[in-house]
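Colleague: Protein chains in written order, with our numbering: chain C, 71 to 454; chain F, 79 to 378.
No lab work stands behind these hints: they were computed from the structure.
A quick note: this is a predicted structure, and the numbers were derived from the prediction, not measured.
Treat the hints loosely; a few may be bogus.
[To be verified] Pairwise CB distance ranges, derived in the manner of DEER restraints:
| id | chain 1 | residue 1 | chain 2 | residue 2 | range |
| --- | --- | --- | --- | --- | --- |
| 1 | F | L371 | C | D269 | 42 to 48 Å |
| 2 | C | V244 | F | T172 | 39 to 45 Å |
| 3 | C | D269 | F | E198 | 49 to 55 Å |
| 4 | F | Q103 | C | H392 | 51 to 57 Å |
| 5 | F | L100 | C | P258 | 39 to 45 Å |
| 6 | F | H237 | C | Q151 | 50 to 56 Å |
| 7 | F | E324 | C | D269 | 36 to 42 Å |
[Said to hold, decoys possible] Just a sample of chain C residues kept apart from chain F, beta carbon distances all over 12 Å, derived:
| id | residue |
| --- | --- |
| 8 | V92 |
| 9 | S184 |
| 10 | D246 |
| 11 | E303 |
| 12 | Q398 |
| 13 | S402 |
| 14 | A403 |
| 15 | Y405 |
| 16 | R423 |
| 17 | E432 |
C-beta: ideal position from N, C-alpha, C; glycine also.
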Amino acid sequence: MKKVIMGNHALSYGAMLARSQVIAAYPITPQTQVVELLSEMCADKTLDAKFIKVESEHSAMAACIGASVAGARTFTATSSQGLALMHEMLHWASGGRLPVVMGDINRSMGPGWSIWTDQNDSLSERDTGWMQYYCASNQEVLDTVIQAFKVSERLAIPSMVILDAFALSHTYEVVDIPDQAKVDAYLPPFRPQVRLTPDDPHAFGGLTSPEHYFELRYKLQKDMEKAPALIEETGREYEKMFGRYLGLVEDYLCEDADIILVTSGTAGYTARVAVDEMRKGGIKAGNLRIKVFRPFPFEHVRRIVKNAKKVAVVDRNISYGHHGMFFQEVKSALYGQDKSPPVFGFIAGLGGRDITPSTFKEIVDITLSKDKPEEEIIWIGVKR
Amino acid sequence: MKKPRTMKLSLPEEELVGSGNLACQGCGATLAMRYVLKALGQRTVLCIPACCWSVIDGPFPHSCLDVPVYHCAFETAASTASGVKAGLEMVGDTETTVVAWAGDGGTFDIGIQALSGAAERNDDIIYVCYDNEAYMNTGIQRSSATPFGAWTTTTPVKHFKNRPKKDIDAIMAAHRIPYIATASIAYAEDVYKKAKKAKDIQGTRFLHIYAPCPTGWKSRPEDSIRLARMVVQNSIFPLYEIENGEKYTLSIKVKDKKPIHDYLKLQGRFRHLTEDQIKFMQEEVDKNWARLLRKVESSD
Chain C
71 MKKVIMGNHA LSYGAMLARS QVIAAYPITP QTQVVELLSE MCADKTLDAK
121 FIKVESEHSA MAACIGASVA GARTFTATSS QGLALMHEML HWASGGRLPV
171 VMGDINRSMG PGWSIWTDQN DSLSERDTGW MQYYCASNQE VLDTVIQAFK
221 VSERLAIPSM VILDAFALSH TYEVVDIPDQ AKVDAYLPPF RPQVRLTPDD
271 PHAFGGLTSP EHYFELRYKL QKDMEKAPAL IEETGREYEK MFGRYLGLVE
321 DYLCEDADII LVTSGTAGYT ARVAVDEMRK GGIKAGNLRI KVFRPFPFEH
371 VRRIVKNAKK VAVVDRNISY GHHGMFFQEV KSALYGQDKS PPVFGFIAGL
421 GGRDITPSTF KEIVDITLSK DKPEEEIIWI GVKR
Chain F
79 MKKPRTMKLS LPEEELVGSG NLACQGCGAT LAMRYVLKAL GQRTVLCIPA
129 CCWSVIDGPF PHSCLDVPVY HCAFETAAST ASGVKAGLEM VGDTETTVVA
179 WAGDGGTFDI GIQALSGAAE RNDDIIYVCY DNEAYMNTGI QRSSATPFGA
229 WTTTTPVKHF KNRPKKDIDA IMAAHRIPYI ATASIAYAED VYKKAKKAKD
279 IQGTRFLHIY APCPTGWKSR PEDSIRLARM VVQNSIFPLY EIENGEKYTL
329 SIKVKDKKPI HDYLKLQGRF RHLTEDQIKF MQEEVDKNWA RLLRKVESSD
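Bound-form chain C, shown alone (with noise of 0.2 Å):
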């Protein structure tokens, strides 16, 4: 059934796709609608589940952390601040191997408040054990959460459905809305290996010595590298099964391109748009747009970019003291090849600063004008 929704509402209707039981959320602006419909959901048992109406965000990830270890399927959503507030629990989830599935509305840190979009929120939570999946498109995000309960309860590891705000967030599109009997045989109910149940009583997360913690987080590690080609496994079942492949990156006229742009989120449709626009006008450029930054597709970028002649990567984020970090991700990527193009990285857009064709193609100029990056770090369209 195709529906006009907003990107919030898609989120909303992977949870209750996904048959979500038990969700535990607290509202933040931009993420609201995200729990709103859910509630209505639930009140009205289309989707049979229960929802913990927590105190804070905090809460809200301790309750899906309990939820799950005693054997539920478990989602939230939030943003920003409220990310932030999780952070503890973040670490709670993945270590305790627990895959609950979030949505983040990606909103800039305070202060001055913002409620506008970019990717410090969640890039800073980019070591705590989590999956993340940067989506473009409302399809992108309602295929992507039931995705990814498949790949989090198979890896035993949690995920971030991420969306920009208001450019996604609150933008309506038309959205392909699967079958639930297909949804199902899609994603089997989770069955974890183990529960938190009287009939088979554990304890969970004691004291850990240093004999066995190493290998606790080492394990973590080794199922976090299985996850890139799980994915990919995983997006060609839905592909099958729904007509949309669901991988780690997505390349545009990347093959013969001179420029690539590397992006993320919303701009990495606007890119496309600026890539058509250069290519008439005789550039050959491309655009990659990096959907999952956890686990970071090494060999896919490495792939994709090996034979540009210039990348530029496009940043909405800053690691303070350091560069943008998609820009760090590929620069390491591409660490130690034999051949690898130079890296240009560009930061835009913090705080909601529009993203246009036009800032692609001060980009591209700024690129094919130099033979490789004399700054650490471009800045685009900030007022010195």
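Keeping the supplied structure of chain C fixed, place chain F upon it in accordance with the hints.
Modeller: Leaving out everything else, chain F in the frame of chain C:
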């Protein structure tokens, strides 16, 4: 031959707390767990945040408890328990009793927001606070449950705690939850009875159990039960129940209320107090007791 006569036991023999746990000698928190689990039985799950009990239970991969335990983050006992309850129900288990088991720091201080949230929603959990009146697990730092006058490592004798213990039970009563009870490990049958009663009530239930800590109080391990009895008999820690936030009932009617002097003298944490300071504390105890009696009387 005549059958040997045996005493009728006042508590079930079954133990869900095993030997080989890591408690200190004379630990009140361990007895609190023993008595409560005797009442709740094996179909119980525990959510234990950072507190003495996260150590007492034993390190990974061990556990001294015959019930499942989820070790949760410090401030999340209540919210984790709410999640566990919802999760168990969604997988078809509506019978298991879900317990948040936290110390006073995890309850009065860092966990109070999550506790208040769960209580306001009236989530179907039992929240047990075993109260040893300071952060004992981290080495005896003051909490808002530390009484006036007490020494701790962060309230040295020159700057002993000069504010009263937070009245957590009144705070919980203000949430109008179905059941609140105070208990003391010296009155094992009373702890058992209250836990049993709590088990059969739906909604948020709050048990506040007085649990002496010889290590932190600088008292003798063999005095733990004595102190836990004296604190009731001198009305510093009266035993009572609150139903629906308004019906107050005394559990032990103290006829001959003892002065607090002897109780204080058994504990190194109060050794520095002058007679004047003890007199002031006595007045405060008397006022609190009178206030409680007024609540009990107005409930009749």
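Colleague: Work down the list of hints and note, for each, if the structure agrees.
Modeller: Evaluated hints:
Checked against the given bound of 42 to 48 Å, the beta carbons of L371 (chain F) and D269 (chain C), roughly 46 Å apart, stay inside it. Our hint of 39 to 45 Å for V244 (chain C) and T172 (chain F) holds, since their Cβ atoms are close to 42 Å apart. One distance hint, 49 to 55 Å for the beta-carbon pair D269 (chain C) and E198 (chain F), is violated here, with the actual separation near 31 Å. For the pair Q103 (chain F) and H392 (chain C), the supplied restraint of 51 to 57 Å holds, since their beta-carbon distance comes to about 52 Å.
Taking 39 to 45 Å as the suggested C-beta distance range, the pair L100 (chain F) and P258 (chain C) conforms, at roughly 41 Å. For H237 (chain F) paired with Q151 (chain C), a C-beta distance near 36 Å fails the hint of 50 to 56 Å. For E324 (chain F) and D269 (chain C), the hinted distance range of 36 to 42 Å is satisfied, since their beta carbons lie about 39 Å from each other. Separation of V92 (chain C) from chain F is inadequate, the least Cβ-Cβ distance of about 5 Å not exceeding the 12 Å criterion.
In this structure S184 (chain C) is separated from chain F by more than 12 Å, as the shortest Cβ-Cβ distance comes to about 25 Å. Non-interface call for D246 (chain C) relative to chain F: holds, since the shortest CB-CB distance, roughly 28 Å, exceeds 12 Å. E303 (chain C), annotated as away from the interface, keeps every beta carbon of chain F farther than 12 Å; the closest lies near 27 Å. Every C-beta of chain F lies more than 12 Å from that of Q398 (chain C), the closest at about 30 Å, which supports listing it as non-interface.
Every CB of chain F is more than 12 Å from the CB of S402 (chain C) (nearest about 31 Å), matching its label as outside the interface. For A403 (chain C), the condition that its CB be more than 12 Å from all CB atoms of chain F holds, with the nearest at approximately 34 Å. Under the 12 Å C-beta cut-off, the non-interface status given to Y405 (chain C) relative to chain F holds; the minimum distance is some 36 Å. Under the 12 Å C-beta cut-off, the non-interface status given to R423 (chain C) relative to chain F holds; the minimum distance is some 35 Å.
Once the 12 Å rule is applied to beta carbons, E432 (chain C) is consistent with being away from chain F; the minimum gap is 46 Å.
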